[in-house]
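Colleague: Letter by letter, the chains look like this.
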Amino acid sequence: MDLFQLEMKVNGEAVSVPVNPGLRLLDVLRDVLHLSGTKEGCGEGECGACSVIIDGELVDSCLVLAPQAHNREIITIEGISADGELDTLQSAFLEAGAVQCGYCTPGMILAAKVLLSKNPKPGRQDIARGIAGNLCRCTGYAKIIKAVELAAAGLQQKEGEAGV
Amino acid sequence: MLNLSAYYQPDSLAEALALLTHSGGELRPLAGGTDLVPALAKGETHLDGLVDLCKIPELRGISRVDDQIRIGSLSTFRDIENSPLLQPASLLREAAAAVGSPQIRSQGTIGGNIANASPAADTVTALVALKALATLESAAGSRSVPVSELLCGVGKTKIRPGEVIKEILFQVPPQGSSSGFIKLGRRKALAIARMNLAIIITVEAGRISRARVALGAVGPNPSRRPALELVLIGQEQSLPLIDTFIIAAEKEVSQMLGTRPSVSYKREAVKGIARELLHRLFFGTGQVVG
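Sequence lines, in order, name chains A and B.
All residue numbers for the first sequence refer to the working numbering, where the first residue is 1 and numbers rise by one.
All residue numbers for the second sequence refer to the working numbering, where the first residue is 1001 and numbers rise by one.
Hints are computed from structural coordinates only; laboratory data are not their basis.
The C-beta atom is built at its ideal place from N, Cα and C for all residues, glycine as well.
Please note that the accuracy of each hint is not assured.
Here are a few chain A residues that face chain B, going by a calculated C-beta distance under 7 angstroms [to be verified]:
#1 Gly22
#2 Ser51
#3 Glu57
#4 Asp60
#5 Gln68
Make a model of the complete structure from these sequences and hints.
Modeller: Next up, the structure:
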């Protein structure tokens, strides 16, 4: 079958690669672009380990056919830290001890990223709903929710300082 | 990787319909893909090729003209959940918000929810209560079919080869209406509904003048339950009416399920979800139109 010329923006950079259109976005990110921060868990949209952000919305990259991402903007876990500095969420996950084996962490952080972009002051219920599509089998969710609360508070503070 | 022999990504509906017609049923339309992509990747579903509808502008958008709402079939659950235009049809927004997870709601579409014909499809229960029509387009023309008549069994629809669901149309419930949706799952996120219920009531001069009740995941497809609607019509919104309704709902579910093993669970469960939803519509935060 003909290859599909897939053009998209990944972590701010324009990408143009010929791909087999039967590949999932997850396969292209990991095996073609070598962005292995995105994990495959269940492969059916239950666990959220493969979550990425497409045009500002959280999706499971195992459920997206690669050509469906054509002309769209993708953010993966590799794309959220700028200039070698950890993102506020990444720091908060470390501070709260919200990482154990780490397999769910990229998806969790991206889910939290989308949540905070839409709701900068989420309550615990909002956070639980925001990460409802992401499973963690180690720490449980208490520390992860704590980390998101820390990040929200940190971002509020940053914004306050910037406003002065 | 999916084993596809053909893949097309047309920019217009006309082009998509031409591809589907000329393939003689070999190609299948792809909407959001949240069910089809994993089924193909796991080898559970086989097909020759896909016509991906994701770049077709005619299939998108939510609009209102007078009292009619139009929802493009490729509208995602997130689009529906967040659309201010759908405020008068809060049952549909609540149903969309109950689907899957944030990830699934970003990607899954209302057209896909219909075409997939799952007994537990959350938005379909709301659409059946709204008496929504689906517009089906093919190279030969267009036809309009009630969503309730389009579905004919688990995973089965009357959508013909070469046809695509273009849009969903329904009338906004009249002034004085309130509506809601409730779902019972094994857990909150990502649960396939064990049962779902959508109700619209219209209140005039203190009495319910019109009622629509739809139940999902009890039969092969979500369906309206006229016997339960009759329980509500003509009555005042009261606690005794809720009690009468849940007794009728238990009976209805028992009759629908017959001797199936799930009957003892579901006839109890329907009482809980019906009580909660009616309480919300009668006395609570259930949103009132007008």
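Colleague: State for each hint whether it applies.
Modeller: Status of the hints after comparison with the structure:
1. Gly22: holds (4 angstroms)
2. Ser51: Check passed: Cβ of A/Ser51 comes within 6 angstroms of chain B, closer than 7 angstroms.
3. Glu57: This hint holds: A/Glu57 lies near chain B, its Cβ roughly 4 angstroms from the closest one there, short of 7 angstroms.
4. Asp60: holds (4 angstroms)
5. Gln68: holds (5 angstroms)
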